[in-house]
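Novice: For reference, the chains in residue letters:
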Amino acid sequence: MVKALFQKLFPRNNSGRKQVLGSKQKSDRPIPASIEQAANEVQSVMGNSADLMVHRFQAFAGKSECAVVYLKSFTDIEELNKSVLAPLQRFTSLPKDMESLGKILPQAGTRVIASIQALSKAIAWGDTVLLVSGFKSGLEIPLKKYQQRPVEEPDNEKIVRGPRDGFVESIWSNAGLLRQRIKNPDFRLEVLTLGTRTSVEVGIVYVEGIANRQIVSEVRQRLERIEVDRLLSSGYVGEFTTDSPWSPFPTSQFTERPDHVTAALLDGRIGILIDGTPIVTIVPVVFWDFLKSPDDYIESPYFATLVRLIRLLAHLVTLLLPGAYVAVTTFHLEMLPQTLAMIIAGARTRTPFPVAIEMLTMELTVEILREAGLRMPGSFGQTMSIVGALVIGEASVTAGLIEPIIVVIVAFTTLASFIVPGYNAAIAIRLLRFPLVLLSAAMGIFGLALGAMFYLYHLVSLRSFGVPYFAPVAPLFLKDMGDTFIRLPWYLQSRRPTYYRAEDEIREGRDNRPGPEKES
Amino acid sequence: MNGERISSRQLTWLLIIINISTSTALVPGIVIFYARQSAWLAILLAAAAAAAGVVLNLTLAGQFPGQTVAQYAQGLLGTWLGRLAGFFYSLTCLYLVAVCIRTITQVIKLSIMPETPLWPFVTGFVLLTVYSAWLGLEPLARAGDIMFPFALLVLTSLFLLALPEGKLYRALPVLQFNPAGIVKGAFPSFACLGESFVILLLAPALNKPAELKSASLKGSLLSGLILVVLTQTLLFVQGTYRTSAYLFPILRTAGELNVLDVFERFAPFVLTAWFTVNSVKIGVLAYCFALSASQTIGLKSCRPALLAALVAIPLLSLAPRSLAESLTVWVDLIAFKILIPTAFLFLPALLLLIAKVKKHHG
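Going down the list, the protein sequences come from chains A and B. To convert, note that position 309 of the first sequence is 309 in this note's numbering; the numbers rise steadily by one, no gaps. Every number in this note's numbering is 520 more than the matching position in the second sequence, counting from 1.
Don't read these hints as lab results, they were simulated from the structure. There could be a bad hint or two in this list.
Covered by chain A, per the in silico footprint, the following chain B stretches (three or more residues, Cβ under 8 Å) [stated by the list, open to error]:
1. 632 to 643
2. 674 to 686
3. 792 to 802
Facing chain A, from chain B, some residues (calculated, C-beta under 8 Å) [said to hold, decoys possible]:
4. D665
5. A875
6. K878
These figures come from a predicted structure and were not determined experimentally. Don't be surprised by glycine CBs; every beta carbon is placed ideally from N, CA and C.
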């Protein structure tokens with residue numbers, strides 16, 4: 001009875017939900033034989049949109065009245081004239097139906113549509129529809145034209161040596177950039193349409209025979225499950241497909257670099273392309289992927305290893321250093337060398353606030369500066385540096401509000417947070433250092449360790465599309481450690497990472513050791 | 521939480537963590553107090569006895585593959601007695617969680633923050649414990665994958681830093697036959713290694729059940745070996761008198777170390793490392809408590825039991841009035857002399873006997 005009452009009070013009706021999300025159910029009427037009537041109906045469905053064009057003309061040697069319906073803002077008019085209107089003027093006899101007309105038109109990708117709803121949808125997608133008087137159907141002709149910027153190097157993911165191209169806003173151009181690198185019939189691109197209002201094309205790319213079928217199917221299912229009115233960027237897809245929606249740590253990786261996605265696909269991972277954004281999502285992902293950069297595979301293994309270790313250290317510094325400083329100066333000053341302890345103690349006597357308050361204030365100030373720097377027009381960048389470094393740093397120290405060592409710590413932490421190549425992973429770390437400062441202020445180094453252990457347990461419990469997030473460290477896959485903290489030479493990395501469960505684990509031949517031919 | 525799987529290596533590492541994480545601080549002082557320079561013999565004796573106990577537990581677990589002791593005890597002893605046995609295992613785990621939390625937090629408080637009251641430490645640790653157990657066994661095993669190498673790294677660094685302070689004569693004579701001292705010294709080590717009884721609850725989670733025996737025995741014997749190395753190093757560095765005079769000799773050793781006379785007094789670092797490694801052990805014990813309790817009552821999920829633990833653990837942890845009371849009564853008397861021997865030896869032996877008799881009578 002209680003259940004019944006509950007259901008009455010809070011009905012869970014899926015169809016009702018769909019009605020809110022989906023555009024109102026429109027009547028699916030057939031296309032009328034009269035061009036005039038068909039055009040009127042389309043105009044009515046699209047609310048007499050200003051860019052909706054209906055161009056009427058005589059064709060087939062003046063025997064038949066035709067019309068093309070298209071959106072002026074979205075159509076390649078030159079191509080329309082060349083490959084539709086001109087040929088129609090040349091044809092002398094009227095084909096028996098629309099399908100036959102589609103076959104003789106010199107334009108690929110045409111499709112016959114029969115209802116007003118399909119007609120309006122095709123036009124909304126940027127296609128042109130040809131109507132012929134007396135035919136109860138139309139011919140959808142793909143003539144859409146995007147405003148597209150040229151392929152250029154992404155500003156946010158620059159590397160020293162390596163390719164200079166980056167993704168653009170068109171899913172098809174992006175797929176082309178990937179195909180350019182993987183010239184193999186096993187390259188797969190599946191396209192779904194998501195967002196009931198925005199109708200965005202979302203592509204799943206992977207290499208058949210390498211990517212794990214179960215993971216591919218899981219990605220497909222999670223994408224198909226998305227029921228939302230808009231899908232405007234990769235962040236939406238990331239949030240709707242993640243394994244842990246409340247985790248601050250990202251369980252998918254974002255990139256604008258085709259070489260990065262190519263490498264991921266060849267490791268058995270899956271890319272998600274979204275029309276309208278140059279950001280491609282890569283899944284599954286492990287924590288250590290955020291510490292890697294395409295540069296690592298271009299520079300020597302020694303240098304790549306050194307840089308990776310520095311990145312890991314920077315990650316830990318960003319997370320732990322502010323808390324550790326608060327803990328040590330508040331509770332465990334005896335741990336420090338005597339000279340350093342004296343310097344800190346001397347500085348502490350000149351400031352009025354507890355060290356935790358100073359640290360939090362400075363960290364917040366830096367976050368404000370960083371956010372302001374992002375939103376500020378480029379020409380003000382220098383002003384920001386002056387305001388940040390001089391006014392806030394120097395002046396607050398001179399005024400005796402903040403001790404100088406805190407400024408050093410905060411500056412170092414901020415610098416360290418930029419080293420991590422995975423921008424979204426760095427955001428999580430930036431967020432999480434604040435609770436650690438508070439815990440350190442309350443319980444010293446025990447509080448710091450307590451907070452760090454909470455993060456560690458959370459991290460090891462995460463999964464990205466079924467792959468343990470902390471692999472290959474936890475669970476430990478010793479075989480895969482050659483490309484985690486260190487980067488072994490390529491000839492020693494003959495297997496793909498096991499944790500991605502690739503269908504084909506082998507990626508190189510056995511006898512790849514470089515060097516001169518051995519004398520027999 | 522059901523359907524969780526861990527590998528045999530993860531089980532071995534978890535067992536080592538469970539066996540040594542608390543005992544590294546507690547055991548060497550007591551063993552050296554009784555057995556003097558023969559401490560290594562006492563620990564080896566304890567390790568051999570613990571290995572025998574592990575074999576007993578494995579034989580029992582082998583009779584009921586895919587089930588925990590809380591499940592098959594009801595089939596062997598009948599519903600009510602079986603439930604009583606299940607509750608015994610739950611309460612033993614819960615008790616050990618509370619006692620470990622009390623000991624660790626009190627040592628941390630006394631060593632580095634004597635002015636702060638105990639309850640914030642206990643509360644923080646309890647929240648961490650319940651959170652880790654809430655996540656399940658797989659994340660705990662993964663945390664073990666990180667913490668075990670970390671613990672070895674910390675111990676090795678300590679040994680290397682402490683070695684220059686060592687004098688060989690302090691560990692001599694190596695073969696001093698002192699039967700009474702050896703047996704007395706073996707007992708606390710055996711009690712610590714007896715925490716391996718958790719395999720009765722963890723065995724069904726192994727992804728390759730055939731490797732249960734080797735994984736468990738490796739875990740038990742390697743724990744004994746690590747304890748021997750640790751105890752002998754402390755003996756070598758501090759000698760019998762100083763080692764047995766301190767409650768936690770390893771912390772004293774850490775406090776006296778320095779690197780280039782610049783970085784010194786590592787006690788807070790060592791305490792932090794000790795706490796982090798122990799958090800895995802305590803998380804596993806809390807998980808075992810919840811698993812056993814939920815299976816005894818017949819709950820589908822362990823999580824309600826963990827919510828109860830959120831209240832019960834702080835009450836138990838804060839009950840002793842002092843560290844002395846905690847160590848003599850709560851640890852030595854109740855845990856070492858009653859609960860662990862019963863959970864590790866007596867009850868499994870009884871259950872195995874009944875299982876054999878029942879099998880014999882068809």
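Novice: For which of the previously enumerated hints does the structure constitute a violation, in increasing order of number?
Specialist: 2, 5, 6
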